[in-house]
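Asker: Please take these sequences and the hints and turn them into a complete structure.
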Amino acid sequence: MRTTNKILYLSTILSLVLASCVQEPGEFKPSLNIISLLNPDEAFEVIVSHTAPALGNHDNLEVKDAEVYIINNQTREEILLSHTKNGSYISNGVKPIPGHDYEIQVEAPGFEKAFAATYVPDLDNIEVFVPENQSGKEKIQFTFSAKLQSSNSSYFAYEIIYSGQEIIEEEQDVPLDDLSVPVNEKPGLIIRSLNPILGAVSDGSTTTISGQNTTNPEGELASIENVSLRIVAVSPQYYDYLMHEQDPNGIHYSSVYVNENDVFTNFVGAYGVFGGLNERTIKLVE
Amino acid sequence: MRFLRVICFILLYLLSTNSNKLSAQGKLSEQWIPNPSDTTYENIIEHLEVDYQLSFNYSPNILKSDHVFPVRGSSSIKELFDLIFIEQSIDYDILDDTRILLYRRKSNKISISGVIRDFESKESIPAASIFIKETNQFIVATDDGYFYLEANDVDSLSLTFNSISYNETSQVKRKSEDKLVVELKANVNAPIIVITPKIVANDYIKGTPGPGISPLGLDEITEQIKNNPMVQNGNEGQTGFVVKGSTTDQNLILMDGMPVYNASHIGGLSSIFIGSAVKDVKVHTSGISAQYGGKLASVMDIQIKEGNTEEIHGRFTTGLTGAEAHIESPIIKNKTALSLSGRYSWLDLLSDSFFEQYEDSSINYYDVYAKLHHKISATNRLSLSFYKGNDQLYLLSEERLGANLITDSAEHDFNWGNEILSLQWNWLINKAVSVNSKIGYSKYKLRGVGEYFISDIDEQELFTDISASSEIQDLVASTKFDIYNTSIGKVNFGANVILHSFKPELLEIQFVDGVITSENGTLAEESKALEVNGFVENEIEFGDRATFRGGLHISNFSDQDTSFFIIEPRAKMSWKINKQIIDLNLSLNHQYIHLLTNPGTGLPSDLWVPSSKDISPARSQELSLDYRLNFNENWSFQGHAYVKMMTSIKSYKGTSDVIFRLLGENIELGQFVTSEPDWRDRVEEGRGFSTGIGGLIKYESEKWNFFSSYSYNYTSNLFNQQEGFFFARHHRPHDILVQASFMFNENWSACTKFVYGSGIRYTFPAEFIPGPPVEFRPLGRNLETLDAFHHLDVNIKYKKKYSYGTIDVNVGVYNLYNRENIFFTYLKLDNNLAPEEEKIGLLRLLPNASLSFSF
Numbered sequence: 001m002r003t004t005n006k007i008l009y010l011s012t013i014l015s016l017v018l019a020s021c022v023q024e025p026g027e028f029k030p031s032l033n034i035i036s037l038l039n040p041d042e043a044f045e046v047i048v049s050h051t052a053p054a055l056g057n058h059d060n061l062e063v064k065d066a067e068v069y070i071i072n073n074q075t076r077e078e079i080l081l082s083h084t085k086n087g088s089y090i091s092n093g094v095k096p097i098p099g100h101d102y103e104i105q106v107e108a109p110g111f112e113k114a115f116a117a118t119y120v121p122d123l124d125n126i127e128v129f130v131p132e133n134q135s136g137k138e139k140i141q142f143t144f145s146a147k148l149q150s151s152n153s154s155y156f157a158y159e160i161i162y163s164g165q166e167i168i169e170e171e172q173d174v175p176l177d178d179l180s181v182p183v184n185e186k187p188g189l190i191i192r193s194l195n196p197i198l199g200a201v202s203d204g205s206t207t208t209i210s211g212q213n214t215t216n217p218e219g220e221l222a223s224i225e226n227v228s229l230r231i232v233a234v235s236p237q238y239y240d241y242l243m244h245e246q247d248p249n250g251i252h253y254s255s256v257y258v259n260e261n262d263v264f265t266n267f268v269g270a271y272g273v274f275g276g277l278n279e280r281t282i283k284l285v286e
Numbered sequence: 001m002r003f004l005r006v007i008c009f010i011l012l013y014l015l016s017t018n019s020n021k022l023s024a025q026g027k028l029s030e031q032w033i034p035n036p037s038d039t040t041y042e043n044i045i046e047h048l049e050v051d052y053q054l055s056f057n058y059s060p061n062i063l064k065s066d067h068v069f070p071v072r073g074s075s076s077i078k079e080l081f082d083l084i085f086i087e088q089s090i091d092y093d094i095l096d097d098t099r100i101l102l103y104r105r106k107s108n109k110i111s112i113s114g115v116i117r118d119f120e121s122k123e124s125i126p127a128a129s130i131f132i133k134e135t136n137q138f139i140v141a142t143d144d145g146y147f148y149l150e151a152n153d154v155d156s157l158s159l160t161f162n163s164i165s166y167n168e169t170s171q172v173k174r175k176s177e178d179k180l181v182v183e184l185k186a187n188v189n190a191p192i193i194v195i196t197p198k199i200v201a202n203d204y205i206k207g208t209p210g211p212g213i214s215p216l217g218l219d220e221i222t223e224q225i226k227n228n229p230m231v232q233n234g235n236e237g238q239t240g241f242v243v244k245g246s247t248t249d250q251n252l253i254l255m256d257g258m259p260v261y262n263a264s265h266i267g268g269l270s271s272i273f274i275g276s277a278v279k280d281v282k283v284h285t286s287g288i289s290a291q292y293g294g295k296l297a298s299v300m301d302i303q304i305k306e307g308n309t310e311e312i313h314g315r316f317t318t319g320l321t322g323a324e325a326h327i328e329s330p331i332i333k334n335k336t337a338l339s340l341s342g343r344y345s346w347l348d349l350l351s352d353s354f355f356e357q358y359e360d361s362s363i364n365y366y367d368v369y370a371k372l373h374h375k376i377s378a379t380n381r382l383s384l385s386f387y388k389g390n391d392q393l394y395l396l397s398e399e400r401l402g403a404n405l406i407t408d409s410a411e412h413d414f415n416w417g418n419e420i421l422s423l424q425w426n427w428l429i430n431k432a433v434s435v436n437s438k439i440g441y442s443k444y445k446l447r448g449v450g451e452y453f454i455s456d457i458d459e460q461e462l463f464t465d466i467s468a469s470s471e472i473q474d475l476v477a478s479t480k481f482d483i484y485n486t487s488i489g490k491v492n493f494g495a496n497v498i499l500h501s502f503k504p505e506l507l508e509i510q511f512v513d514g515v516i517t518s519e520n521g522t523l524a525e526e527s528k529a530l531e532v533n534g535f536v537e538n539e540i541e542f543g544d545r546a547t548f549r550g551g552l553h554i555s556n557f558s559d560q561d562t563s564f565f566i567i568e569p570r571a572k573m574s575w576k577i578n579k580q581i582i583d584l585n586l587s588l589n590h591q592y593i594h595l596l597t598n599p600g601t602g603l604p605s606d607l608w609v610p611s612s613k614d615i616s617p618a619r620s621q622e623l624s625l626d627y628r629l630n631f632n633e634n635w636s637f638q639g640h641a642y643v644k645m646m647t648s649i650k651s652y653k654g655t656s657d658v659i660f661r662l663l664g665e666n667i668e669l670g671q672f673v674t675s676e677p678d679w680r681d682r683v684e685e686g687r688g689f690s691t692g693i694g695g696l697i698k699y700e701s702e703k704w705n706f707f708s709s710y711s712y713n714y715t716s717n718l719f720n721q722q723e724g725f726f727f728a729r730h731h732r733p734h735d736i737l738v739q740a741s742f743m744f745n746e747n748w749s750a751c752t753k754f755v756y757g758s759g760i761r762y763t764f765p766a767e768f769i770p771g772p773p774v775e776f777r778p779l780g781r782n783l784e785t786l787d788a789f790h791h792l793d794v795n796i797k798y799k800k801k802y803s804y805g806t807i808d809v810n811v812g813v814y815n816l817y818n819r820e821n822i823f824f825t826y827l828k829l830d831n832n833l834a835p836e837e838e839k840i841g842l843l844r845l846l847p848n849a850s851l852s853f854s855f
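If you read the sequences in order, they're chains A and B. At position 15 of the first sequence (counting the first as 1) the number is 15 in the working numbering, and the numbers step up by one without a gap. At position 462 of the second sequence (counting the first as 1) the number is 462 in the working numbering, and the numbers step up by one without a gap.
No lab work stands behind these hints: they were computed from the structure. Please note that the accuracy of each hint is not assured.
Derived DSBU-like pairs: lysine-lysine, alpha-carbon spacing no greater than 30 Å straight-line [to be verified]: (1) B:801 <-> B:703; (2) B:828 <-> A:29; (3) B:839 <-> A:29; (4) B:282 <-> B:445; (5) B:800 <-> B:185; (6) B:703 <-> B:279.
Estimated spans, in silico, between C-beta atoms of each pair [claimed, not checked]: (7) A:73 <-> B:562: 42 to 52 Å; (8) A:28 <-> B:550: 48 to 58 Å; (9) B:697 <-> A:53: 39 to 49 Å; (10) A:105 <-> B:723: 44 to 54 Å; (11) A:107 <-> B:684: 32 to 42 Å; (12) B:556 <-> A:28: 24 to 34 Å; (13) B:447 <-> A:28: 36 to 46 Å.
All C-beta atoms in this analysis are idealised placements derived from N, C-alpha and C, irrespective of residue type, glycine included.
Answerer: Laid out in structure tokens, this is it:
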């Protein structure tokens with residue numbers, strides 16, 4: 001019995017010692033990096049690349065032999081994307097449907113299988129209200145309101161567009177206090193403010209926007225007939241991605257002190273983002 | 001008539017017996033003429049029996065047959081008897097005119113008490129040793145130099161007094177004596193292990209005041225401490241010292257009984273201790289006594305010099321990096337003395353070479369010591385000691401980056417320092433009881449400010465201000481009793497009370513065009529805690545082969561919300577076999593006050609925080625084995641091994657670190673302080689495991705001293721199960737030290753030292769993620785290892801004594817082969833935004849020189 005106790009005691013110590021042993025990392029193993037933003041106005045597109053050692057060569061990181069599937073959870077339609085060039089996989093003219101949930105699966109030789117899910121916001125139900133007796137009046141201040149209904153939680157942004165004004169391109173300088181500029185390659189997306197929107201009230205599935213026009217970019221009071229409302233909605237996954245990556249220079253530098261879990265990804269088995277976006281531009285007065 | 005006959009008979013009887021005695025005593029006054037062979041008892045007694053008609057009755061074992069007496073000239077027989085009998089503790093009775101009875105004298109109890117002190121400075125020598133030949137017993141004096149010993153059934157005591165770095169002295173005492181004053185003469189070449197007929201050694205590492213090879217060339221008292229294989233030779237830029245896998249905050253540092261929170265200057269280049277101001281330094285790395293508590297790893301106990309009560313002495317040193325001065329003087333001769341010391345650095349002269357990438361930089365520090373000491377009596381003393389020190393580090397960088405013409409500036413300003421006041425009372429109450437009481441305070445203040453500015457092409461200006469500060473104040477009262485000569489050995493007990501006050505602050509404010517855009521962190525809020533400690537300890541000797549010391553340290557730590565009560569057993573078993581000492585130590589330790597350290601430079605951009613309802617005390621359980629062997633009078637060996645488990649150790653959570661962009665050149669403008677506004681929410685707790693083995697071999701002679709040590713250490717931590725165990729930052733498996741010194745003559749000596757250590761662990765963003773956005777991410781915590789750290793130092797000393805004083809000249813080179821020892825590395829984006837690893841070293845080849853004058 002005494003011998004048994006000694007053996008048990010030594011085994012406990014030995015197991016504690018062995019459990020505290022640290023395994024040194026082996027050879028660097030790259031992971032997939034997948035970027036995809038679903039927009040009802042465009043075909044499905046997925047960019048697939050892979051990670052590399054920090055101090056190594058960062059050229060030619062595209063993955064050209066992956067199998068990329070996107071599944072519509074409402075219709076159960078499975079779409080196989082085809083590689084075009086430089087790691088870009090697109091659907092054959094098929095576009096995302098607003099209000100639908102989607103899953104993505106990516107498999108590539110030598111990499112872990114990757115999964116993610118998102119949905120495309122629905123902007124069909126927008127009602128714009130403009131007080132009466134505003135039409136035809138120039139240089140008069142006016143107000144408007146809009147109700148947005150969507151089947152899922154989304155994040156909204158809006159901006160007021162004046163007739164003849166172009167949507168601001170990505171390359172245009174952005175004031176430093178506007179850190180909401182995303183750093184993807186999609187032009188024209190400006191999230192001026194996100195949920196809760198300035199002046200917006202949310203009652204669950206319905207979001208109300210109200211605003212007041214004062215002057216156009218030239219500083220002149222504009223006629224209400226020349227004013228449009230551009231509304232953008234993004235899925236929560238894309239919202240998180242944008243908030244995580246607020247970096248005006250387009251590169252997020254994780255210093256030696258960063259926690260390894262600090263990198264954003266909504267993929268299982270890979271880095272990257274799989275999100276949804278929808279936008280509409282509505283004239284306040286038809 | 002018959003009556004008269006009886007009386008006469010009685011008188012005749014008495015007369016005959018006394019006449020026999022008178023006759024025998026008459027013989028004692030006769031002249032003794034020795035033969036050449038009359039050197040042993042046998043020969044002398046035979047001569048007395050044959051030529052002087054004396055006969056002796058005695059038990060054979062009272063006469064030592066091998067005892068040899070010197071052949072003297074003629075003397076009286078009584079004088080002969082005094083020599084061969086009385087002085088050998090043999091008494092005699094004269095039975096009749098020829099017969100003499102010999103017997104062993106009935107012996108007494110002899111007790112001796114007093115104080116052991118330095119011959120030159122008259123300072124008491126802590127924990128000196130006394131060996132009693134007659135009983136083969138070994139006594140250790142108290143930390144105040146007091147001792148008490150006694151022996152029964154002895155006629156005299158042959159005492160040998162000794163201490164590390166002193167020449168031994170011997171005295172023979174035939175009767176009891178108290179208030180004995182024993183003075184030892186210093187000998188810097190004395191062996192570290194005191195060799196008496198019985199092998200003894202200190203159970204601590206002794207830091208001897210005196211020049212050691214330090215990077216700055218001035219006297220560095222802690223250099224010897226680092227010679228122990230269980231103490232790592234830390235990297236440059238690292239504050240404090242690492243003992244057996246500990247972090248630097250897990251060492252208890254006491255200066256005259258008051259805690260010291262940061263004992264290093266400017267990232268470890270120098271300690272705050274001036275050699276000439278310090279009387280004694282003891283570092284306990286294992287088998288820590290129960291009187292100490294509050295830290296997990298080790299104890300460094302420093303006593304400041306009390307001052308010479310008989311003469312004025314001083315020492316002045318100037319060197320390339322600073323100057324020191326020390327003076328001690330009696331105020332009332334043999335009663336009161338004052339000791340003053342100071343040091344000031346002018347490292348500013350070298351700061352440009354340390355930080356050449358900065359437009360402006362400034363480094364300097366100072367230390368001031370003062371102690372007033374008064375002897376109420378030989379066994380009753382009061383002293384008041386004071387210390388204040390301060391460090392300042394300032395760095396300013398300004399640059400334009402890349403093609404975007406963005407200007408960037410970073411300004412860092414660090415100030416930190418300790419202040420200590422201690423009133424001590426030492427009293428030898430009676431022959432067996434001494435008491436040591438202290439009252440005082442310790443303050444530590446650190447403030448680090450970083451101001452960062454960036455303006456873009458539109459001339460918008462973004463300012464980020466970060467400040468971190470720690471303010472700690474301890475009010476301390478303690479008392480300790482040492483009781484000797486109990487039936488159960490030596491007993492110590494005592495208690496202390498510490499009132500802690502903390503003000504940690506961590507704040508980040510961002511301004512854009514003068515408007516505050518974000519504000520995160522915690523403004524300093526003062527919190528208080530009361531710590532009460534008690535201990536009892538007993539040391540028992542089992543003959544001269546084994547000693548057991550067992551004790552309990554009991555503590556209670558409470559603030560307004562919670563209270564912790566902890567009992568820590570301590571045990572130490574020592575075996576002494578021939579010339580070997582083997583110690584087995586078991587100790588449980590706790591720590592209530594923690595240092596949250598940034599994984600980067602050793603600069604004090606860290607926070608001292610107390611345990612609370614959200615932060616539990618850290619604990620450790622340690623088992624260690626120490627082995628010491630003296631091969632002969634020159635060669636000795638020490639070996640150490642340990643296993644330690646730690647729980648509730650603290651660290652910053654990942655990105656919650658305060659990132660002082662001290663050395664980074666990137667345009668990192670992310671949030672430095674995370675959204676957790678309270679530092680309590682940024683602390684994570686985990687477990688640790690550490691084990692190691694090491695050895696030190698030493699050769700010492702009059703001319704040559706050589707030693708070499710090696711240690712292997714393994715330290716890992718666990719903060720969450722998902723992450724698993726990872727190497728601690730200070731996991732540096734191999735540590736090697738080789739040092740040799742040679743004394744050419746009484747004037748010239750030389751010393752060389754080689755240090756090697758494995759690189760420290762760090763977290764590096766090893767993975768490139770193409771994004772967008774592009775990111776760099778570490779694959780795990782502390783997976784990378786810095787390059788090994790090693791350097792070779794040489795030092796030549798010249799010493800010349802004059803009638804008015806002594807001059808010492810010290811010339812040396814630190815890092816002779818100019819190796820850049822990296823202590824920090826980070827990922828940097830060059831102008832083309834391509835990543836590269838930037839490595840930062842601090843000290844390259846550094847010459848040093850100093851000139852000292854002492855009197």
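Asker: Decide, hint by hint, whether the structure agrees.
Answerer: Cross-check of the supplied hints:
no. : hint                        : in the structure
1   : B:801 <-> B:703             : holds, 19 Å
2   : B:828 <-> A:29              : holds, 23 Å
3   : B:839 <-> A:29              : holds, 25 Å
4   : B:282 <-> B:445             : holds, 25 Å
5   : B:800 <-> B:185             : holds, 19 Å
6   : B:703 <-> B:279             : holds, 26 Å
7   : A:73 <-> B:562: 42 to 52 Å  : holds, 50 Å
8   : A:28 <-> B:550: 48 to 58 Å  : holds, 53 Å
9   : B:697 <-> A:53: 39 to 49 Å  : holds, 43 Å
10  : A:105 <-> B:723: 44 to 54 Å : violated, 28 Å
11  : A:107 <-> B:684: 32 to 42 Å : holds, 36 Å
12  : B:556 <-> A:28: 24 to 34 Å  : violated, 51 Å
13  : B:447 <-> A:28: 36 to 46 Å  : holds, 42 Å
In the structure shown, a violation is registered for the earlier hints numbered 10 and 12, in ascending order.
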